[in-house]
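Q: Read off the chains here:
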Amino acid sequence: MTEPLLTLRNLSVHYGNRHALQNVSGTFHKGSLTAVAGPNGSGKSTLLKVIAGVIRPDSGLIEFHQGIDGTMAYLPQIAHMQRDFPISVEEVVITGFYPERGEWNAIGRSHYDLARKALQDVGLSGYADRQVSDLSGGEFQRTLFARVIVQNAPIILLDEPFTAVDAETTARLIRLLLKWHEEGRTVICVLHDLLLIQKYFPESMVLQGKCLGSGHTHKLFEQKLLSFDLDMAELYPPDEPATHNHTHAHSHDA
Amino acid sequence: MTLDALLIEPFEKFAFLRRALVACVALAVGGAPLGFFMNQRRMALVSDAMSHAIFPGVAIAFLISGLGVWSLTIGGLTAGTLIALFSVFLSRYTQIKEDAVFTLLFLLSLTSGIVLLSLKGSNIDLMHMLFGDILAIDRDGLIFIAGVTLVTLITLSFIYRGLVLDCFDPDFLRASRRGKMTRQIFFVLFVVNLVAAFQALGTLMALGLMLLPAIASGFWTRRVNTAIPLSIGIAIVSSYAGLLISYYTNTPSGPVVVLFCALICLSSVLFGRCGSFVAGLRKPS
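Chains as they are written, first to last, in the working numbering: chain A, 83 to 336; chain B, 2 to 286.
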């Protein structure tokens, strides 16, 4: 096993009266490719947001191990973005330089060249001047992947990157993801698709508010924590009816 | 009468018209970019509620120290901030729907402002507060408005990239660990501009030069870099045309300026290049 990159210690997050995460602990290793799985409302996106620094945990902490470059690229859920904002594809990719360049540092020709190259890598050459509101779901997701590319970060956090994406685009994006993994970047990806998890993600973490298990994906399948046969409702504790949980799930994880 | 005389002479002749024009142009340059971002955040209704939220504070300031620019500003800012915090409290801790919060606060602010003002002020004061008096802008008022515009432009240049991200992809902005105060700074700028616009256009029309041009520009261009200058341009043209029309027709200037702006906005919604009624007809079915 490679060296630990970041460790989660007893992370808890509440939305009002609801526990989104309860004492979640775990370790992500440098260069690992990890899927974060679980039913709707299980806290997957919340966990990613906590790691990304989008929300603060109510308790617990995240430790970055010494000597680690903790720079992260974060791809949020499409549903949380305003897709009719009047911005072009190239401008979206350029926003990837904001964490590094901030408000005042110049974004020059070299940055635009990198953005064009990233668009080429995701198969969107010739899309630079298009408005994002004109893109299909798959094209928009590819644009966001291009933004991740220009961020050139050692840690990459992806929140449901294959939602509303056709099979061809999913295959293209998976290839990118595997390339990042080969380059030694640490990739943490929230997703639902068990087929993709089984096939491409060596590591997984299964959430249901709490962390039900983490480690090698094939072991989690052996332990039935990840299963094609498993009715996810079985994961709900008996005192919490599934329908009740489901209602909450939509507000935070949809 | 020559075209020059028709279009320029009133401004050459009357200082109050020149002051009104300068005030409107300053309000347009500072306010229209803020209106653009409010519109993009789908906060047009919130903007409307906020423009009235400053009213009770302004009324209290008036009761205490009359029509001084600074006291009205402090009163407006305080009331705007308190009402905004109160709306957050109601949304978070009750089950009231968001649009209902703003309807409630809009009416609460407007009526309490009127009642407070009636304790001391005359009907003329009330009309001044509700509709403003752009032709009565004095030197102090003009300096205040110009100062607000200057501060707005300088501040916007410091938060512009973050502001775009906060509208388009707020989670990415937070994850960047930069621009943490972007939203709060924007809100303060917005309220300060409302107070400045309030001096000229009153509480009922303060939003006119901020939001209407921003809505209109969205029907002509879909680029943020052109939509903002276009919003400013529409606000300036409306100001100039409105003042001129009000001069020749002997009608109240503030309402005519905002009416002209509203007509441009309506025309844009109907005939604009993107997303308008006519653009919809041109689309292949």
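Since the hints were made in silico from the structure, they are not lab data.
Ideal Cβ positions, reconstructed from N, Cα and C, are used throughout, including at glycine.
Do not take every clue at face value.
[Stated by the list, open to error] Taking CB as the label site, the calculated pair distances span: (1) Thr252(A) / Leu86(B): 53 to 59 Å; (2) Phe278(B) / Trp186(A): 39 to 45 Å; (3) Leu282(B) / Gly219(A): 23 to 29 Å; (4) Phe272(B) / Glu182(A): 50 to 56 Å.
[Said to hold, decoys possible] Using 20 Å as the maximum straight-line C-alpha spacing, the simulated EDC-like pairs for lysine to aspartate or glutamate come out as follows: (5) Lys301(A) / Glu250(A); (6) Lys112(A) / Glu265(A); (7) Lys199(A) / Asp140(A); (8) Lys199(A) / Glu185(A); (9) Lys284(B) / Glu185(A); (10) Lys112(A) / Asp140(A); (11) Lys292(A) / Glu264(A); (12) Lys181(B) / Glu185(A); (13) Lys284(B) / Asp166(A); (14) Lys181(B) / Asp140(A); (15) Lys292(A) / Asp166(A); (16) Lys181(B) / Glu182(A); (17) Lys301(A) / Glu265(A); (18) Lys14(B) / Asp126(B); (19) Lys292(A) / Glu265(A).
[What the hints assert, rightly or not] The following residues of chain A were derived to be distant from chain B, with all beta-carbon distances above 12 Å: (20) Thr89; (21) Pro121; (22) Glu145; (23) Gln202; (24) Asp275.
Q: Would you check whether the claim that Gln202(A) is not at the interface survives, using Cβ distances to chain B and the 12 Å cut-off?
A: holds, 22 Å
Q: Tell me if the straight-line CA distance from Lys181(B) to Asp140(A) falls inside 20 Å.
A: Status holds; Cα separation ~19 Å.
Q: Sort out whether Glu185(A) lies within 20 Å of Lys284(B), counting only the CA atoms.
A: violated, 39 Å
Q: Are all beta-carbon distances from Thr89(A) to chain B longer than 12 Å?
A: Non-interface label on Thr89(A) holds, nearest chain B Cβ at 19 Å vs cutoff 12 Å.
Q: For the pair supplied as a hint, Lys112(A) and Asp140(A), is the alpha-carbon distance within the 20 Å limit?
A: violated, 26 Å
Q: 23 to 29 Å was suggested as the range; check whether the CB atoms of Leu282(B) and Gly219(A) agree with it.
A: holds, 27 Å
Q: So if I understand the rule, the pair passes when the alpha-carbon distance is 20 Å or less; does Lys292(A) with Asp166(A) pass?
A: Violated. Lys292(A) to Asp166(A) sits at ~36 Å, over the 20 Å cutoff.
Q: Are the Cα atoms of Lys199(A) and Glu185(A) separated by 20 Å or less?
A: Distance ~23 Å between Lys199(A) and Glu185(A) Cα, so the pair is violated.
Q: According to the definition I'm using, a residue is off the interface if its beta carbon is farther than 12 Å from all beta carbons of the partner; does Pro121(A) meet that for chain B?
A: holds, 22 Å
Q: Can we confirm that no CB of chain B comes within 12 Å of the CB of Glu145(A)?
A: The claim holds: Glu145(A) sits with its nearest Cβ about 17 Å from chain B, beyond 12 Å.
Q: Is 53 to 59 Å right for how far apart the beta carbons of Thr252(A) and Leu86(B) are?
A: violated, 45 Å
Q: Please confirm whether Asp275(A) is truly not at the interface, meaning its C-beta sits more than 12 Å away from all C-beta atoms of chain B.
A: At about 22 Å from chain B, Asp275(A) clears the 12 Å cut-off, so the statement holds.
Of the numbered hints stated above, those contradicted by the structure are hints 1, 4, 5, 7, 8, 9, 10, 11, 15, 17, 18, 19, listed in ascending order.
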